[in-house]
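> Read off the chains here:
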Amino acid sequence: MIALGKFYLLAILVFLYLPIIVMMAMGFNDSSLYELPFHFTTKWYVALADNSQLISSGINSVVIALITAVVATVAGTMAAVALGRRVIRGKSLLQLLLLPPIAIPWLITGTAMLVFFFWTGIGRGMHALILGHVALAIPYVVLVVGTGLQTIRADLEEAAMSLGSTPVHAFFSVTLPLLAPSILGAALFAFAVSLDQFVISYFLSTPGFTTLPVQIYSAIRKGFTPEINAISTILLLGSMAVIVVFAVFARPGGNRDKR
Amino acid sequence: MPADIPVASTGTPSGVPARRGIPGSVATIALLLPSYAWLLLAVFLPLCTMFVFSFMNATPMGKTPIVFTLKHYQAFYTQPYLVKIAWDSLLMGFWATLSCAILGFFAALALARATTGRVRETLLILILLPFWTNGLVRVFSWTMVLREGGFLDMLLHSVLPDAGSIGFLYTRPAIVLGLVHGYLPYMILTCYIALVTIDDSILEAAESLGARWWTILGKILVPLALPGLTTGAVLTFVPVIGAFMEPRILGGRVGVTMGTVIEDQFTQAFNWPLGAALSFTMLAVVLAIFATFSGVLRRNSGAAA
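Protein sequence lines correspond, in order, to chains H and Y. When we follow my numbering, the leftmost residue of the first sequence carries the number 1, and every step to the right adds one. When we follow my numbering, the leftmost residue of the second sequence carries the number 1, and every step to the right adds one.
Accuracy of the hints is not assured; some may be wrong.
What the simulated footprint calls covered on chain Y by chain H, stretch by stretch (three residues with Cβ under 8 Å from a Cβ of chain H suffice, anywhere in the stretch; the number is not a length) [said to hold, decoys possible]:
{"id": "1", "stretch": "200-208"}
{"id": "2", "stretch": "243-249"}
{"id": "3", "stretch": "263-276"}
Okay, derived cross-link-like pairs now, DSBU-like style, lysine-lysine, Cα gap no bigger than 35 Å in a straight line [claimed, not checked]:
{"id": "4", "chain 1": "H", "residue 1": "LYS43", "chain 2": "H", "residue 2": "LYS222"}
{"id": "5", "chain 1": "Y", "residue 1": "LYS84", "chain 2": "Y", "residue 2": "LYS71"}
{"id": "6", "chain 1": "Y", "residue 1": "LYS219", "chain 2": "H", "residue 2": "LYS6"}
{"id": "7", "chain 1": "H", "residue 1": "LYS222", "chain 2": "Y", "residue 2": "LYS84"}
In short, the hints are calculated from the structure, not lab data. Don't be surprised by glycine CBs; every beta carbon is placed ideally from N, CA and C.
Starting from the given sequences, assemble the full structure and let the hints guide the process.
In structure tokens, the structure reads:
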């Protein structure tokens with residue numbers, strides 16, 4: 001039974017990773033029509049260097065992800081501390097309000113943003129993308145930091161205060177250092193959410209300002225080329241690296257008791 | 001945790017212990033304001049605006065006078081082809097969710113019962129890793145496998161050199177396959193969380209009393225994993241119903257779903273009110289399905305307890 005279970009897990013992993021590996025391998029194949037036999041080449045990666053549209057959209061993606069990570073982490077951490085440490089009337093309603101950005105299909109949220117930003121004159125482009133991405137990332141930050149906060153005992157802060165510390169000083173010198181891994185994890189999470197976001201970006205980007213996933217999508221719609229495989233490989237490895245760092249810092253599966 | 005706040009604060013709703021010094025309610029509001037103001041501006045106001053738009057007769061761009069109407073919500077009567085598309089989308093969501101549930105439940109079971117320690121931790125991370133990578137890129141990967149002369153055909157031809165193509169890119173099963181690939185990690189995670197808490201002794205007791213494996217599966221494992229299965233199903237079904245990029249890339253011409261129809265209204269047809277009405281209809285259907293399911297779930301967990 002155990003051997004069968006292990007074999008099944010192996011099959012699931014093959015299912016999850018095989019298409020990705022095939023896609024990556026085809027980015028190193030010489031034929032522009034993905035024809036076999038396989039001839040190793042890096043020319044598609046070299047070609048990327050000349051594709052200014054892809055490069056600028058890639059830079060846009062990283063810049064937006066960085067801004068999103070910083071803004072969403074600061075705002076979300078503040079909200080998580082308030083929700084976790086203070087007595088608030090209607091707390092469950094406030095927590096419930098975090099769900100729509102996660103639970104409503106992105107297609108609906110994205111088109112709603114498009115309609116609203118158009119109607120109010122906010123428009124599309126970089127600022128609109130940042131508005132949308134931060135809104136999507138905030139609930140995740142609140143959840144990740146809130147979970148981290150639960151493992152930190154509130155009486156440590158009270159002990160500091162009973163010894164003469166001010167509440168603000170007690171928070172910054174006791175709770176915040178203990179919370180740092182969760183906050184860092186949340187920031188990486190927000191970065192990854194923004195970097196991989198396609199649907200919202202698709203509706204909010206302009207022909208002059210796009211993100212990498214939007215650019216990849218329009219390239220796929222035009223036709224498959226190994227250049228898409230090359231840039232996809234870079235994007236995939238990049239976000240996997242971010243998530244692995246996240247897993248190391250925040251250890252979403254592990255439970256550490258911080259005392 | 002709220003329970004950690006000293007008892008002194010009971011009775012005063014915005015009460016924070018006096019010794020904290022800062023006026024409690026002001027500080028609380030200041031902490032909450034950035035996040036909730038942002039969500040208001042970027043999520044809730046847009047959704048409200050779109051709801052209003054869904055009752056307008058035309059996109060308020062030109063000089064056409066705006067009249068409020070219900071006609072877009074009657075689109076399913078006036079444009080019967082939408083009913084078929086909606087039904088196809090629901091079926092697609094159903095097959096994708098069911099496949100995820102079956103594959104994911106057994107993967108979670110194998111993870112919880114057949115692995116331990118570091119192996120289990122590593123496997124869990126490996127399973128979840130693709131989920132947090134770009135969905136678009138993963139869907140694109142399947143085109144490499146499924147297209148004519150793709151990886152699938154290559155495998156077949158290495159065994160049977162004269163066989164035809166078995167690539168099924170641009171079909172409905174291809175869309176479902178891409179969706180299952182996208183959401184399976186979520187289902188494995190929610191089922192795993194439910195299954196990992198099951199005490200070994202329960203299963204040992206059942207076994208020692210002569211229960212066969214299918215009895216253990218049907219009477220213990222599935223009922224106890226039901227909350228995880230339901231959560232996973234909800235988390236899969238909602239995005240799948242709104243999917244438009246997967247059907248476009250993997251479905252080609254047959255990939256017409258509610259998602260693509262709605263997207264068309266905003267990017268091609270510029271009929272925003274119709275797109276908005278279809279979006280809210282879809283949202284209502286999704287919510288109705290959840291309401292039904294949560295009732296079933298509550299009854300089941302009540303019976304188990």
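> All the hints need checking, so say for each whether the structure fits it.
Results of checking the hints against the structure:
By the rule of at least three residues with a Cβ nearer than 8 Å to a Cβ of chain H, the coverage given for the stretch 200-208 of chain Y is violated, with 0 such residues. Proximity of the stretch 243-249 of chain Y to chain H, defined as three or more residues with a beta carbon under 8 Å from a beta carbon of that chain, is established by the 5 residues found. A stretch counts as covered by a chain when three or more of its residues have a beta carbon under 8 Å from one of that chain; for the stretch 263-276 of chain Y and chain H the count is 6, and the coverage holds. Among the hinted pairs, LYS43 of chain H with LYS222 of chain H is consistent with the structure: their alpha-carbon atoms are about 21 Å apart, no more than 35 Å.
Between LYS84 of chain Y and LYS71 of chain Y, the direct Cα distance comes to roughly 19 Å. Compliance with the 35 Å bound is thereby established for this hinted pair. Straight-line distance between C-alpha atoms of LYS219 of chain Y and LYS6 of chain H comes to about 23 Å, which keeps the hinted pair within the 35 Å bound. For the given pair, LYS222 of chain H sits about 28 Å from LYS84 of chain Y by alpha-carbon distance, which is consistent with the 35 Å threshold.
Violated hint: 1 only; the structure is consistent with all others.
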